[in-house]
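J.: Here are the chains, one letter per residue:
There are 2 protein chains.
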Amino acid sequence: MEQRLKRGDFTLPGEAGYEDLTLRLAEKWGADVIRDSDGTALSDQILSSGYGIYSTVCMVREVNEWAKQNPDKLQQNFLMSFPVTAQGETLVIHPLDGYYTEQFRLNLHDSPKKYWQVFDRTTGKEHPAEQWEVDQKTGDVTVLQCKPFHRYTVNFLVYRIWEEISMYNAITNHLDKEHVMAVEPRYPETQRELLRWLEDWCKKHPATTVVRFTSMFYNFAWFWGSSEKNRNLLTDWGSYDFTVNPVALERFEQEYGYRMTSEDFVNQGKYNITHANPTRKYRDWMDFTNRFVTEFGAKCVDLVHRYGKKAYVFYDDSWIGVEPYSERFAQFGFDGIIKCVFNAFEVRLCAGVQGAKVKEIRLHPYLFPTGLKGEPTFSEGGDPKTDAALYWKNVRRGLLRTPVDRIGLGGYLHLTEPFPDFCDYIESLSNEFRLLKSLHEKGQPYTLKPTVAVLTSWGKLRSWICSGHLHEHPDLDLTNLLESLAGLPFHVKFLSFDDIREHGIDSEISVLINAGTVDSAWSGGENWNDPAIVEAVSRFVAEGGGLIAVNEATARHNGDTYLTLSNILGVDLDKGDRMCSGKYQFTVEKEHFITECAAQLPPKEGVFVSDAATKVLMANGSAPVLTASSFGKGRSVYFSSYRFSAENTRTLLNAILWVSGMEQEKQYCITDNAQTECAYFSQSGRLVVVNNSEQPQTASVRLPGGKVETVALKPLDIRILEV
Amino acid sequence: MEQRLKRGDFTLPGEAGYEDLTLRLAEKWGADVIRDSDGTALSDQILSSGYGIYSTVCMVREVNEWAKQNPDKLQQNFLMSFPVTAQGETLVIHPLDGYYTEQFRLNLHDSPKKYWQVFDRTTGKEHPAEQWEVDQKTGDVTVLQCKPFHRYTVNFLVYRIWEEISMYNAITNHLDKEHVMAVEPRYPETQRELLRWLEDWCKKHPATTVVRFTSMFYNFAWFWGSSEKNRNLLTDWGSYDFTVNPVALERFEQEYGYRMTSEDFVNQGKYNITHANPTRKYRDWMDFTNRFVTEFGAKCVDLVHRYGKKAYVFYDDSWIGVEPYSERFAQFGFDGIIKCVFNAFEVRLCAGVQGAKVKEIRLHPYLFPTGLKGEPTFSEGGDPKTDAALYWKNVRRGLLRTPVDRIGLGGYLHLTEPFPDFCDYIESLSNEFRLLKSLHEKGQPYTLKPTVAVLTSWGKLRSWICSGHLHEHPDLDLTNLLESLAGLPFHVKFLSFDDIREHGIDSEISVLINAGTVDSAWSGGENWNDPAIVEAVSRFVAEGGGLIAVNEATARHNGDTYLTLSNILGVDLDKGDRMCSGKYQFTVEKEHFITECAAQLPPKEGVFVSDAATKVLMANGSAPVLTASSFGKGRSVYFSSYRFSAENTRTLLNAILWVSGMEQEKQYCITDNAQTECAYFSQSGRLVVVNNSEQPQTASVRLPGGKVETVALKPLDIRILEV
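Read top to bottom, the protein sequences are chains E and H. Under this note's numbering, the first residue of the first sequence is numbered 24, with each subsequent residue one higher. Under this note's numbering, the first residue of the second sequence is numbered 24, with each subsequent residue one higher.
Okay, chain E solo, but in the shape it has when bound (with noise of 0.2 angstroms):
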């Protein structure tokens, strides 16, 4: 193997007290950056070794003191209390009631009156505010004149007393450390410290080359409860409640012309989570704040290039605001983004990030003693080495599609000590990382005709995710078919109702998906009342488009109809209106294009044939669980629920060129073993087979000249053929 591939490109962990290991490692595994993790620190020996340094810095919770003396400087964010019934006509709420407290405070600072509100969740009316006190020593709500039985909650702002990632990392480790409070931004005064804090720094660490913003000023929405057996109330990776505060709230009234009420954010105690269709008021809102974190944010990134350093910002934890998919990212100035990365989605949602140049991705298992569910990694009974190979096995996938920069590791270096097997499979790992990098960089991947297009209520904005990591919402489906697709051979776009009604449905895109549940973003939700959305994609389809519909995708209330295009799945799905209704009987075709392999597909209660030409591929019973129609010059495809696995996987990838009506397209540079998966660089003359299955596996693959190759790769396997 060349020299160049066995060194760079990898950001080691290093770790103060340990500074021979941290060097060993690095050399090792070819590190040419060493950075220090939260809980770590580097020492003068390892920051003087030559390599380059990472230094992680998380602003709004780095001025704690500062934050004391300013508690009205903290950040903010609506409530609503707990739900209470009336019993008679008068009704005291403790607002707080059921919160954890050591998270949030009572604001009792900005007037009551004009911020908060009182619901009859009953009738779903405000009540008035002349019928509501609050007591300014406790904050009780006295509401008056209730109805007996109705039950009422309070819209409030809280001031949050501890920042949510230090508190969890401070809990889950129990850790008795001072607590940190992150601080508003949207002041004036909050600038000038943390850009005093900032410029300090960057004086204090002059070797530091390159500063890790994590990430920049919100954190995702993050709620916490009292009760032990409910402390998460509310996680969503994508939220901006953390957002609000009487500053934001008037200036965007100024800006926006319209005000943003309590209730706005609160919506009903279900608040706006990523996986609902937005409203534009929230929109609105999400732009409001991302305009406000460019413009300082680049204020924060100007002034560490003015030190000589470069600036990165970390894709999770307070990336509320960053926005790296939109259009105002470059404005930061960030010369690189790093996400961490369970799965081949991660990967092209790193990748695909405009305006900062390098991507690294974050690999797992971080260098931590217990994995996400307590289970042990760098402990004993812990398997490092084949956590890391099966992490790595979802992560290629999306690699061999596209490249990143940069590959590290996070956490304790001193945990790999005893587990030398670990240590040489990133060795391993990292060389097969460079020997991939290189070869992208020397001509793209051969790529199947069809361009698809994810069709969301987000677009462009969600690309490659939709809220947080798979296992998170293991049954979403969308999460599910952006890991299938982030390894499939498929130019893959990311579409917006908004784009559509703006733009039309641009001319290169051959296959539409459309994936989720009635109502959320992911299947567009009220969308599909707008008929100039059914009449785009009814022409998309009838002129010889694909469409790929899954579970209620395309689904609206009150139509005649519960799936809007029903009329082109050739399916639809009964929600009890349609019990006294006859469906059409079928016989599951035994061959079709589609199902090569042996898919896994949920059922979904209801879905029934609603037209006598519709083909079932795949049934649960008399539960269809795959059909496939066709529709004037066009064709669609029914999953009832998708989940990714090597054969769904597969079998998407037959849908969208049956769809395509490009099915011909099949026979080159795609394996003959849905377990395996090819990358075919023609400009590098490599063929690179992966084995994506804990089983030996053999493969064949036609490339474009016609020539067969045949290649048996052992569990895991990845085998790199000159052709």
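I should point out that these hints are in silico values taken from the structure, not numbers from a laboratory. Heads up, a few of these hints could be off.
Coverage of chain E stretches by chain H, computed from C-beta distances (three or more under 8 angstroms per stretch; other residues unrestricted) [unchecked claim]: (1) 245-255; (2) 332-343; (3) 367-378; (4) 503-512; (5) 551-563; (6) 603-617; (7) 695-707.
Note that the structure is predicted; figures quoted are calculated from it, not measured. For every residue, glycine included, the Cβ atom is placed at its ideal position computed from N, Cα and C.
The hints should help you fit chain H onto chain E, whose structure is shown.
T.: What follows is chain H alone, placed relative to chain E:
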């Protein structure tokens, strides 16, 4: 056994040509009445044998010659054409495409412009009447100024040219008979013809003692399609679609002051099935029709009475408009009502009718070669004795609680000849029936204290039935609950939301049951948006009442919670809008009064615990399926879903006692074995114990005095103890 218990109360289907068999079995089974059946006749020898004679008549299909001469007096209904997607700006729709043209003929006689409507189903809006035209020869509808890719439908009137029950029998049995047509009795000419026919018939049938109407004028909705893959396009035992015609529409407008449109019936092609929460307009139409059917029906009954015969009505087939549970029913003047029964709830349905003295049930299996699903019964491979015993097991549960007056069979008597064990079994069954009836005559069986009310949108009008037989919609929670309740020792009432709005909740009610999916008539749908309902039910529980909620009971759309009374139930449903919200962790209660035996309850996706105090009694993984809560002085139980079984019935019994705080009631007159049930007739001094299983069982019962009776039971056994 007393002689009077060996004879009477039994209706035997006689058969001409088998006179000896008829009289022999009449003697054996203790028949006092001989009937004809569809396809059989009674000979003079039978008619003059001294038995009572039932004769079946279905007037609306008895005057076929007149019908042929008056094709504009046939029954009609609205249909919605199958949706057609516009490709351009003009579209031609053939309204009957997809429908079975042996059943339907377009009505072009009554002005289409007046009665028909065209809809753009993509927008949900009516297409302007000036933008469509009907070809008066072909009936084709040309829709002008269409929007491409929108879907259009035509609502149109049809005549029905083959009465559905005879059509079904003819097609099922491959009979090539003349097509019988149902005439529309709204026309004065038709009424004259029907009364003329009935009088003539009475004159010609002097031996008939009872005229059995099958039933009155209108069949339930049953639309057939042209495709053999989708023959039954709509089937609902309780829908009024077949009562519509221009005369009725005009009269309705005069009486109610507003006009019913085609869409009021068509309802986006979903029609007004009994399972859907009924609209006020549709209820008006039902009432309007019921009044007409009662008025004209009473004339028919009067005529029969004038000829010295009794008039019974069959509570099936063309029963629409009869409404035995309406206040008007007694006005018909029927002497009896006959219900065919598979299940206990149908026994209660028949037994509970007010306004017709004699209640008769028609037992299964019918004396036909094959059963409901084409399986052999009275033909080679059949085992009609076992079939009869298993049906009787169900039916007997209802008969233990409430009496009916008569039983009977239907079909071809000669088919019983190869099955002497069946004939013996019916002999013993008949004796058993007469014995049970005699016990009821001396006094009611012991009943536990809680009075249970089933709360639905229909209330009393749909007492003891949802829509049709249990085997037609086996997954319907409420039918399964009714089947359990039908054999439980409680008083059961049926309450509507209107009842609550008008009169509140009757103080004698201890337990409310609400069961079903959202938007259904069974859960109540939008009634739960009415604060008056929420207040009344909440107050009922708070003051000590019990609430049993099943599946999406109390659910509404767009609330802060999905189950409106989740504050009482302690559980809620996540429809996707709660996927980021915390759910209370729980441990399943190991022992609880309710969970005496292993219930089998289908889990419901999305159910979660919404209150820390909720007790989870059963769970399927992380999904609670049976929970118990308290609210004020009252209690509630939530079932994720419900299916009839011995164990579930016992669980329901316990739940009723627990939510009403009357657990101590269980000590008397309840068997200690869920596979068995009992009824204690104190005035008769008899304890009846039945084995509902096909295995031997032992059961002990404590009587009110404290004495414990223990009895061993053979499979499906009944034991009647003197106590």
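J.: With a cut-off of 8 angstroms between beta carbons, are at least three residues of the region 367-378 of chain E near chain H?
T.: violated (count 0)
J.: When I compare C-beta atoms, does the region 695-707 of chain E have three or more residues closer than 8 angstroms to chain H?
T.: Check failed, 0 qualifying residues.
J.: For the region 245-255 of chain E, do three or more residues have a beta carbon lying closer than 8 angstroms to a beta carbon of chain H?
T.: Coverage by chain H holds for the region 245-255 of chain E (6 residues, Cβ < 8 angstroms).
J.: Take the region 603-617 of chain E, compare each residue's beta carbon with every beta carbon of chain H, and decide whether three or more fall closer than 8 angstroms.
T.: holds (count 7)
J.: Examine the region 332-343 of chain E for residues whose CB is less than 8 angstroms from any CB of chain H, and state whether their number is three or more.
T.: Coverage by chain H is violated for the region 332-343 of chain E (0 residues, Cβ < 8 angstroms).
J.: Would you check chain H against the region 551-563 of chain E, counting CB to CB pairs closer than 8 angstroms, and say if three or more residues qualify?
T.: holds (count 5)
J.: Are 3 or more residues of the region 503-512 of chain E near chain H, judged by a Cβ distance of less than 8 angstroms?
T.: Coverage by chain H is violated for the region 503-512 of chain E (0 residues, Cβ < 8 angstroms).
Of the numbered hints stated above, those contradicted by the structure are hints 2, 3, 4 and 7, listed in ascending order.
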